[in-house]
Amino acid sequence: VRRVSAGLGSVAALVRLRVQHELQYRGNLFVHVFQSLVDLAVGLFTVWLVYRNVDELNGWTESELLVVVGMYLMLDGIISGQLNPNVLAFTRDIREGTFDFALLAPIDEQLMIGTREFNLWGMINLPVGAIVVAVAGSRVPGVGLLDVVYFLSMIPVAVALLYSFFLAVATSAFWLVNIDEILFRVFQSATYAGRWPLGIYPRWLQGTLTAIVPIGLAVTVPSAALTDRLDRWSALAAVGVAVLALVGSRRLFRRGIRSYSGASA
Amino acid sequence: VIATASRYLDFYRATSALGFKSFIHYRGAFFLGMIGFLGEPVVYLVVWSQVAEAQGGSVGGLTIDQVVTYYIVWTLVRNLTSFRSPLSWQNRIAEGSLSDQLLRPIHPLHDDYAGDLGTKFVIVPLWVPIGVALGLVFRPSLDLSVPAVTGFAVAVVLAWILRGMMFSLVGLAAFRTTRVSGLMQVFLAIELLLSGRLVPLSFYPDALATAAEWLPWYRSFGFAIEVASLPMTGREILVGLGASVGWVVALIALYAVLWRRAVRHYSAVSG
Numbered sequence: 003v004r005r006v007s008a009g010l011g012s013v014a015a016l017v018r019l020r021v022q023h024e025l026q027y028r029g030n031l032f033v034h035v036f037q038s039l040v041d042l043a044v045g046l047f048t049v050w051l052v053y054r055n056v057d058e059l060n061g062w063t064e065s066e067l068l069v070v071v072g073m074y075l076m077l078d079g080i081i082s083g084q085l086n087p088n089v090l091a092f093t094r095d096i097r098e099g100t101f102d103f104a105l106l107a108p109i110d111e112q113l114m115i116g117t118r119e120f121n122l123w124g125m126i127n128l129p130v131g132a133i134v135v136a137v138a139g140s141r142v143p144g145v146g147l148l149d150v151v152y153f154l155s156m157i158p159v160a161v162a163l164l165y166s167f168f169l170a171v172a173t174s175a176f177w178l179v180n181i182d183e184i185l186f187r188v189f190q191s192a193t194y195a196g197r198w199p200l201g202i203y204p205r206w207l208q209g210t211l212t213a214i215v216p217i218g219l220a221v222t223v224p225s226a227a228l229t230d231r232l233d234r235w236s237a238l239a240a241v242g243v244a245v246l247a248l249v250g251s252r253r254l255f256r257r258g259i260r261s262y263s264g265a266s267a
Numbered sequence: 005v006i007a008t009a010s011r012y013l014d015f016y017r018a019t020s021a022l023g024f025k026s027f028i029h030y031r032g033a034f035f036l037g038m039i040g041f042l043g044e045p046v047v048y049l050v051v052w053s054q055v056a057e058a059q060g061g062s063v064g065g066l067t068i069d070q071v072v073t074y075y076i077v078w079t080l081v082r083n084l085t086s087f088r089s090p091l092s093w094q095n096r097i098a099e100g101s102l103s104d105q106l107l108r109p110i111h112p113l114h115d116d117y118a119g120d121l122g123t124k125f126v127i128v129p130l131w132v133p134i135g136v137a138l139g140l141v142f143r144p145s146l147d148l149s150v151p152a153v154t155g156f157a158v159a160v161v162l163a164w165i166l167r168g169m170m171f172s173l174v175g176l177a178a179f180r181t182t183r184v185s186g187l188m189q190v191f192l193a194i195e196l197l198l199s200g201r202l203v204p205l206s207f208y209p210d211a212l213a214t215a216a217e218w219l220p221w222y223r224s225f226g227f228a229i230e231v232a233s234l235p236m237t238g239r240e241i242l243v244g245l246g247a248s249v250g251w252v253v254a255l256i257a258l259y260a261v262l263w264r265r266a267v268r269h270y271s272a273v274s275g
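One line per chain: the protein sequences are W and L, in this order. Everything in the first sequence is counted per this note's numbering, starting at 3 for the first residue and increasing by one. Everything in the second sequence is counted per this note's numbering, starting at 5 for the first residue and increasing by one.
Hint data in this document are derived by calculation from the structure and do not stem from the laboratory. Careful, some of the hints might be misleading.
[Unchecked claim] Pair by pair, the computed Cβ-Cβ distance ranges are:
1. ASP233(W) / GLU57(L): 24 to 34 Å
2. ARG265(L) / LEU46(W): 54 to 64 Å
3. THR181(L) / LEU39(W): 11 to 21 Å
4. VAL150(L) / ILE133(W): 51 to 61 Å
5. LEU148(W) / VAL153(L): 53 to 63 Å
6. ARG265(L) / LEU105(W): 52 to 62 Å
7. PHE47(W) / GLU99(L): 30 to 40 Å
8. VAL153(L) / PHE47(W): 26 to 36 Å
9. GLY144(W) / LEU219(L): 39 to 49 Å
[Said to hold, decoys possible] A partial selection of chain W residues facing chain L, derived with a Cβ cut-off under 8 Å:
10. PHE36
11. VAL52
12. VAL56
13. LEU59
14. ASN60
15. THR63
16. TYR194
17. TYR203
C-beta: ideal position from N, C-alpha, C; glycine also.
Chain W with its partners taken away, still in its complex shape (with noise of 0.2 Å):
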């Protein structure tokens, strides 16, 4: 219990630290909004311009759509606020030799590079994207508070599998050097693929949006939630799957620092 208090209280103020860094600098809010509603527009606008030609889309209608809208961009500010800028300090300091550092402080390595990074204003699409939910939500059929509950419940499993996902490409770095690079590209090529539901593409895209680069599975197991789509043993076999991404990254990122032999000079 000590440990875990103690570890809660390093992140809180480790998180602490990052908020009054990015304070000093909230000229940088005018430029996420401004990204993020460029965002937004986009995916409105591809939206809109699908449902000029149909009704349904492999059983998703324009306002079930938006849901998976919303989501996406949901998830983009969790990545863009809290995952991508742990990644990227964590690759840096493996290229640096300065990962020598988190070893030696009195917290739990992955815990300490999974939240000493944090970008503020990056988070912007997080409420966007909580808005866009709530009014696509409120215009399907039938959502009620139960369906709410269960998308919310389904949140953390989303964030645990794209948690596991770069946890374990950033681990990589242990053995491949410039991983920044290819974490970049994979991530951008995967983000087109979450703004649209998992069911419209073909199997062995559905594959590789849920076994390889999870934005897929992690964007539509909540949106399927609040749609009425999710069946109790999918949504169980989603936790299976994000219970068992967070170990297995876990057990990489251990092997990973069994290999790490510190570069500072």
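Once you have looked at the hints, place chain L on chain W.
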């Protein structure tokens, strides 16, 4: 004139060779980068093929085959029209390396074009296996007639020059502001919507499609794809190429005027 042309040719040959050599060192990373580019067109391809299927086999006047071909050619054109980011101007100014370039007897823009040209000789061979794989999976129907192939080759070169000029014009903002990235976001959003990158222009309402055809973004991307993937007459191709040339000339003239004004604001930061 011949001596000047020969000097420029020598410069382009040497600088593009340098661009080629520095690019080939990182071919693995660039190959992965190109695979990274694939997500975007493959998603568009899947979504719009489904829309076409739901409508009985066509959307915006394009058959499913044509949609597939459009997005596969898209991957080649996207790589061939990539250019040095406008943000590089911000770095050059911030780090003072522009001072170096200004002292040379050739405009810095030539350095960008020549260096970028060299990278294309790495990009094309790297794209071939990707193009073949996409072809095997999605079975496109390419128009390989002489007018289409020749038209495509000329259109894609003009598209590269035009996109380079547009990027360089955005880059000029770095002489007056340190927030070029914001302007870049606006530019990319407009490009996404009006160039044919998101969807072929025929998917838009008529008024929007017609307006987009008159703007330079379409000439810097979508037109080259359409020449290779959609049925076009020789006359349509020639008129389109004429429009591309017109935009290239207009943007070079605009750049010449704005460059003179911008460079007066430059104060070196070199160490």
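Task: Hints the structure fails to honour - done: 2, 15
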